[in-house]
Amino acid sequence: MLSIYKRPAYALLALALVSIVLIASTAWLALKQPWLGMRMVLEDDKVRVVHVVEALAQQIPEGVEVKSLVSATNAMDVRPSDLIQDTDTFDSYAAKADFFRRQTNLNNLLHSSEVRVVWVANDSSEHVTTIHPQMRTLSSLSEMFWFTLVVIATAFIISSLVYLLRPQDWGARMFALSGSSFFIAGIAVALLSERAVALDGSWIQLLEASNTLMAYVFGAALISLLLIYPRPLLAPKYFVWVFAPYLVWWILDQAQWLPSPEWGALPAVLSIVVVMFLCGVLQWRNTQAQPLERAALRWFLLSILLSGVLFALTNVIPRLLGMDDLLPVGYATGFFLITYVGIALGLRRYRLFDIDEWSYRVLLWVFGAISVIALDALLIYFGLTEATSLGVSLLLAGWVYFPLRQWLWQRIVKKHYPEFESLLPELSAIAFTASHSEQKFRWESFLMRVFDPLEMKQGEADIKEAGVKEEGLALQVPACATLPSYTLRYAGRGIRLFSTRDANFAMALSELLHQVMGGRSSYEQGVAQERLRIGRDLHDNIGARLLKLIHHLRGTPDAELARDAMKDLRTSIAAMDSQPVPLRNALADWRAEANSRCEVAKCLLSWNQTQDVPEVDLPPRMKSMLESVMREVITNALKHASPKSIQVAVEANETKMKVEVENDGEIADPLTWQDGYGLRNIRGRMEELGGNLNISSNNDKVRLTLTVPLQ
Amino acid sequence: MKVALILEDMPESQEMLREVAQTAYPGVRVRCESSVAGALSIINQFQFDLALIDLSLPDGDGTTVVEAMASRFPASMIVVATIFDDDAHLFPALRAGAQGYLLKDQAPEQLVSQLRGISEGHPPLSPAIARRLLDHFHVEKPLAVTEVESEYVQLSPREREVLVHLARGISIADIGVEIGISRHTVSDHVKNIYRKLKITSRAEAALQAKKLGLL
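Protein sequences appear in the order of chains A and B.
440 is the number that my numbering gives to position 440 of the first sequence; each next residue is one higher, with no gaps.
If you count the second sequence from 1, you need to add 711 to reach my numbering.
You can take every hint at face value.
Mimicking BS3-like on lysine-lysine, the simulated pairs with C-alpha atoms at most 30 Å apart in a straight line are:
{"hint": "1", "chain 1": "B", "residue 1": "713", "chain 2": "B", "residue 2": "909"}
{"hint": "2", "chain 1": "A", "residue 1": "656", "chain 2": "A", "residue 2": "639"}
{"hint": "3", "chain 1": "A", "residue 1": "658", "chain 2": "A", "residue 2": "644"}
{"hint": "4", "chain 1": "B", "residue 1": "713", "chain 2": "A", "residue 2": "548"}
{"hint": "5", "chain 1": "A", "residue 1": "602", "chain 2": "B", "residue 2": "902"}
{"hint": "6", "chain 1": "A", "residue 1": "457", "chain 2": "A", "residue 2": "469"}
These are calculated hints, taken from the structure and not from any lab test.
Given only the sequences and the hints, what does the whole structure look like? Please build it.
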């Protein structure tokens with residue numbers, strides 16, 4: 001049992017089954033009554049005949065007025081009050097008792113083998129027709145009867161489903177209680193309204209009492225619901241004080257201690273509406289700062305109030321004003337369906353009772369399955385009644401119907417298991433996804449696709465084993481490398497339980513992913529090693545040759561060129577490290593190099609930089625390019641001007657950096673400068689970095705300004 | 712300085728380093744080796760009080776020789792002579808006991824003054840190595856083995872301050888100006904930082920040996 005109700009789709013099917021059994025029993029009770037083959041209704045305060053069966057149509061025309069019923073032992077007038085459905089409209093308990101007595105007598109009369117109906121034709125002539133009461137046929141039950149039953153069963157199923165999914169939630173409990181009481185009250189109303197003139201007095205009293213009681217429970221449950229949802233206004237242990245007054249009122253009514261039956265139901269129903277309205281106002285004020293809860297409340301109140309207001313308009317207010325109901329009470333119950341359907345729709349949008357949209361998918365699945373079965377039934381029904389030739393039927397069925405049915409069935413019901421072969425490329429794609437969040441997202445959607453659960457929750461990172469939990473309700477997927485573990489709930493959209501096969505499969509998938517990811521990291525390791533090897537080669541070969549060159553050029557001006565080349569080589573090898581360098585560190589490196597070079601050249605370096613260097617990382621290549629530009633700029637100054645001092649000013653923010661290098665010494669007008677290797681190199685690199693170089697001079701100083709975007 | 716060891720495989724560099732050593736310390740006797748194996752065996756035979764050691768050698772890593780020198784002649788001056796001053800290359804050698812480094816591509820005159828600087832207590836310290844040192848002392852200071860040693864192993868606030876300035880690329884002279892102490896005091900701090908680095912390395916080694924059951 002436990003496992004059945006945990007599978008939402010089966011729970012829903014079970015609820016549908018319960019509803020069908022209850023509806024069938026109600027219909028059976030209605031059919032068990034003796035029947036005259038006609039329906040009597042109130043029209044202009046007279047009892048008139050409608051819906052006469054074909055066999056009697058010749059004897060009693062529709063629309064005539066019924067005067068009395070006569071049996072071998074008894075004769076009774078038929079009064080308009082005998083047809084009343086709501087017994088709380090009597091102005092005294094005596095009148096009510098009289099009604100029950102007359103119902104008993106009429107019922108006894110109908111049970112005789114022969115009943116004579118005395119009726120008055122439109123020309124006032126009196127006629128007598130003899131009828132043998134029979135069992136009712138199914139088709140004689142009115143549309144209103146079926147309508148009521150379908151409405152209440154739907155409400156019952158929707159509210160019970162919400163409860164089965166969240167049995168601990170008081171909001172769901174109250175919602176389910178309202179749906180169940182609505183179901184019982186509705187059955188009583190349907191039986192009362194469907195009676196052929198009369199039922200046994202004690203039977204009708206029972207129906208009436210249970211209808212009233214259940215209506216009170218329904219109202220009190222809705223009040224309690226509004227007291228707990230969306231914001232808790234009252235602790236559930238006090239809910240008994242919501243129900244108690246109505247129970248007391250009902251007992252007083254049943255014990256006939258109220259002044260009259262009119263004091264019973266109407267004031268109670270009215271008070272329910274008023275209290276619910278007040279609760280709604282309180283909830284509204286309490287959800288002021290919670291937009292999500294406010295939205296849920298808005299939807300919720302709309303559903304409840306709309307049905308409540310419509311019912312009051314058609315059935316409560318007219319009675320208070322002493323008028324007839326605007327709509328038969330059976331049809332008016334349809335308004336309450338708005339509440340239940342509204343809440344079911346609200347589930348999707350506002351996660352009422354915190355049930356996610358997947359309960360919607362369960363509903364869809366069940367209704368899909370039912371619609372296919374209904375289509376079958378329809379085809380059989382028409383196939384039997386319509387005079388279609390067998391050949392045509394077969395052709396239609398074979399070419400159109402069966403493929404269509406198969407398609408529908410597969411679309412709605414059948415589960416698609418993904419092919420294992422198709423999963424492999426996807427797994428490796430997940431393993432090679434660069435960003436962690438993207439990788440996580442892809443792994444999650446992969447699990448969703450494979451197991452099709454209704455719910456997925458992230459778990460601890462140290463869970464290394466797959467396993468079936470909560471009696472098959474949940475599956476634990478182990479953590480895998482940097483990916484966390486997951487708990488999946490409700491396998492295959494809630495139509496099956498997880499098995500150990502699922503657990504093994506999950507384990508295999510995550511191990512496979514682990515291996516592929518391991519392959520990726522060893523690939524990355526390989527890349528890093530290769531980079532290291534190239535770096536070492538550069539170091540050992542090029543570095544050694546450059547060093548040899550430096551030794552050979554010792555004492556010549558070109559030695560400096562070779563030394564700069566060596567520095568550039570160092571920078572390039574450092575850039576192969578491939579780690580981004582914080583701007584702060586890059587500036588420190590440049591400053592230190594400039595420091596030591598100026599020290600050797602006996603030149604004063606003053607370095608000023610922005611107090612707060614922004615937290616920007618330079619890509620390795622950018623760092624090495626800027627480094628070589630800075631080197632070149634200092635070389636330029638030291639080589640051509642033999643300056644006494646160099647001033648460096650660095651300004652940087654998140655988006656760009658400006659470096660000004662100013663030196664004194666033997667200054668030539670920049671316009672006369674010939675672009676040597678150095679200057680060309682600087683320009684080229686600045687261009688590649690999307691920055692620019694500006695050279696200016698005044699009498700005794702020359703200034704190079706470098707501007708580079710940092711993003 | 713009486714006897715110097717030069718470990719260098721390239722003849723031109725060997726010659727240049729010999730010249731530098733002899734210019735810096737007139738009268739010094741120089742022994743040149745061009746392989747790790749040769750250097751290790753010569754250390755066992757003779758005493759040296761100065762060593763200029765290249766790190767990348769045909770038969771291995773010069774760091775091994777730095778280590779051997781430091782343990783056999785603790786009072787000697789060990790200097791790395793390299794063409795790469797990045798922390799990845801140098802830091803292991805500094806931890807092994809080198810007291811400074813020279814970049815072989817610099818002009819010999821410069822090398823002479825730098826070598827003298829190291830022996831007078833002005834070892835060079837690039838920003839990258841300063842950052843590495845900051846990390847090292849920040850992360851690894853609890854590794855100190857004994858109470859007495861831990862005092863030496865932790866940087867003093869002044870030393871830390873100097874290190875932070877060095878990590879920003881500020882020169883020793885400028886640091887002196889900025890924190891209001893003499894250039895020499897700054898150099899002393901740098902020397903101490905080097906010394907403490909060696910102590911933590913030794914402490915770690917001892918701890919490691921203890922773990923392995925060697926001590």
